[in-house]
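Whole structure, please, built from the sequences with the hints as guidance.
For the sequence shown, position 460 matches number 460 in our numbering, and the numbering has no gaps at all.
The set of hints was computed from the structure by calculation and includes no laboratory data. Since this is a predicted model, take the numbers as computed values, not measurements. One thing to keep in mind: the hints can contain errors.
[To be verified] Below, simulated EDC-like cross-link-like pairs (lysine to aspartate or glutamate); rule was C-alpha separation at most 16 Å, straight line:
#1 K559 x D588
#2 K387 x E323
#3 K559 x E580
#4 K361 x E453
#5 K552 x D582
[What the hints assert, rightly or not] Here are the in silico distance ranges between beta carbons for each label pair:
#6 S523 x K552: 18 to 26 Å
#7 E154 x L112: 14 to 22 Å
#8 R420 x T196: 42 to 50 Å
#9 R284 x K592: 52 to 60 Å
#10 E154 x A510: 39 to 47 Å
Just so it is clear, CB atoms sit at the ideal spot from N, CA and C, and this is done for glycine as well.
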Amino acid sequence: MSGPARRPAGGAVRRHGVEPVSYRIVPVDPHAHLFEITLTIAQPDAEGQRVALPAWIPGSYMIREFARHVVSIGARSAGRAVRLRKLDKHTWQAGRCDGPLTLVYRVYAWDLSVRAAHLDATHGFFNGTSVFLRVLGQEDRPCEVLIEPPSGEEYAGWRVATTLPEAGARRHGFGRYRAADYDELVDHPVEMGRFTLDAFEAGGARHEIAITGRHDADTARLCRDLARICAQHARLFEPRTRRAPLERYLFLVMAVGEGYGGLEHRSSTALICSRNDLPWRGQREVSEAYRTFLGLASHEYFHTWNVKRIRPAAFARHDLQQENYTRLLWIFEGFTSYYDDLILVRSGLIGRDAYLDLLAKVITGVMRGPGRRAQSVAESSFDAWIKYYRPDENSPNAVASYYAKGSLVALALDLTIRSRTGGRRSLDDAMRLMWTRYGRHFFSRREGLGEEEFPRLLEEAVGLRLDAQIRNWAYGTAELPLAPLLKTVGVELAFGRGDQGPVSLGARLATRDRQVEIATAYSGQAAQRAGLSAGDTLVAVDGLRVDERALKALLARRKPGDRLRVHAFRRDELFECELELDAPPATDAKLKLMPGPGARATRLLGGWLGGGRSGPAG
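Shown next, in the form of structure tokens:
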């Protein structure tokens with residue numbers, strides 16, 4: 001079990017006379033979106049204590065510079081002001097002091113996402129990495145935090161949702177909380193306000209779901225469905241005990257008009273979704289929108305094992321002030337992306353046909369991106385800090401998704417293992433071995449998967465040497481042999497042109513103010529060959545003014561090889577070019593169960609998809 005769930009409740013955390021680092025956080029001005037934090041360091045470095053705010057948050061691999069939101073900061077000791085000197089973009093050093101040091105600072109919180117902090121008169125949310133300064137040299141000390149409500153009668157109904165262990169506060173109440181160290185402190189997001197709260201049991205643990213924002217969700221339905229998902233995850237990693245690695249888990253859900261995203265934590269997840277993705281009372285089917293939400297929740301819950309406890313060695317102890325590099329995100333995010341929807345069909349929430357539709361969309365998305373030929377998922381993992389989280393107009397040509405293509409690498413490995421072992425082994429066995437070796441006792445050992453270790457671990461788990469496949473599929477850019485692999489489990493994969501029309505411009509288009517703009521000119525395809533680039537605005541084709549509708553009608557009358565005379569603006573300069581149309585690439589995947597695939601394929605299919613049944617599930 002994880003550390004915090006096993007410590008007795010109540011009282012401050014002290015180890016052999018070591019004073020905890022103390023924080024107090026209060027929404028001092030919700031209308032101005034300001035949190036005020038008081039940090040008290042009982043035993044500061046007498047020569048000048050240094051403090052720093054993290055530059056990034058684990059699970060989102062981009063430098064975000066949270067310190068830019070600190071709008072004021074000051075320090076005092078023994079009733080006197082202490083000089084603070086800023087050393088770099090996120091680090092401060094206090095002057096000499098003989099006793100406890102107190103810093104008071106304010107943080108601007110207006111980032112409505114799962115990564116930072118947000119505050120207004122309706123609610124408050126924060127991740128610790130956005131608001132809690134790290135006391136350099138004292139990161140291993142216990143921490144306590146006093147969470148207080150904003151002042152005013154209009155906030156009288158507010159309460160708190162977090163999995164931080166209570167230290168005097170009542171569950172869901174304002175008051176004092178605690179953590180074993182700084183790493184634990186910042187791994188428990190906090191929601192405050194008026195939210196819908198419900199709970200369920202799964203995997204021997206209490207699970208809660210707190211929904212903030214206007215919604216009409218059927219929380220009883222949500223609890224039933226999430227319980228099936230959570231139980232299936234626990235069964236995968238712990239087939240004997242079927243227990244989750246914690247005693248309490250929290251889904252923090254922010255329901256908005258349009259939004260999608262999630263971020264994993266050791267015993268909770270922060271999710272943002274469209275309120276229309278949540279099920280309503282009386283809804284019987286699993287709609288496409290609801291399926292999207294369930295897949296997101298499944299993804300983040302799988303991270304409870306894979307990345308929060310099973311980690312790459314590079315993440316065993318995060319350095320929160322700079323990039324932490326690994327080439328293994330295709331395992332930690334890609335494998336998670338593979339299992340998120342797979343768990344939906346194994347738990348019976350969706351049918352086999354619905355799952356194959358989801359898988360076909362992933363395959364189509366990967367095949368439409370030329371970046372899969374330019375970058376391996378291992379390279380994509382390493383460059384996540386500068387490429388994946390900072391997409392631009394050329395990203396489709398240059399970047400492979402370690403999420404999407406990584407999930408297909410997982411699929412290819414899983415089907416290879418199942419086929420070669422007659423269904424006796426699978427990728428599940430590798431996940432369980434990683435869990436046993438690295439995850440189950442992570443918070444006491446802090447050991448992670450080495451950069452070159454996975455091929456040997458996979459061989460140990462399944463009895464097959466798949467070095468060549470891993471080298472070609474994950475560390476190279478070879479096409480994945482999905483069609484023959486899917487055929488071994490009785491699934492037919494075919495590629496078509498979908499509704500793309502008879503010809504292709506070789507570009508992703510966008511409409512702005514009724515004008516057609518090149519969003520991406522795909523590498524080596526028609527638009528790029530003609531000299532068109534991202535940002536160019538199409539004005540006329542063959543002498544006729546075009547908008548989105550006119551262009552679509554014009555292209556419907558053309559065939560591959562036809563030439564078009566295109567007038568376009570680049571910035572404020574008009575130019576002309578000639579474009580030769582291509583046939584649209586056959587990238588749209590279609591998956592279907594093969595009729596009469598044979599007993600072996602049927603058995604492998606059942607082992608792969610578990611209890612999922614063909615057809616829609618209610």
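Take a look at whether the Cβ-Cβ distance between E154 and L112 falls inside 14 to 22 Å. holds, 21 Å
Does the structure keep K361 and E453 at a Cα separation of 16 Å or less? This hinted pair is violated, its Cα atoms lying about 31 Å apart.
With the threshold set at 16 Å, check whether the alpha-carbon distance from K559 to D588 stays at or below it. violated, 20 Å
Within a Cα-Cα threshold of 16 Å, do K559 and E580 meet the stated pairing? Roughly 10 Å separates the two Cα atoms, so the pair holds.
When you check the alpha-carbon spacing of K552 and D582, does it fall within 16 Å? Status holds; Cα separation ~15 Å.
Given the range 18 to 26 Å, decide if the beta-carbon distance of S523 to K552 lies inside it. holds, 24 Å
Indicate whether the distance between the beta carbons of R420 and T196 respects the range 42 to 50 Å. holds, 48 Å
Just tell me: holds or violated, for the beta carbon distance of R284 and K592 against 52 to 60 Å? violated, 25 Å
Given a hinted range of 39 to 47 Å, is it respected by the beta-carbon distance of E154 and A510? Roughly 43 Å apart at Cβ, these two residues keep to the hinted range, so it holds.
Do the alpha carbons of K387 and E323 lie within 16 Å of each other, as the hint requires? Holds, at roughly 13 Å.
Violated hints, in rising order: 1, 4, 9; the structure is consistent with all others.
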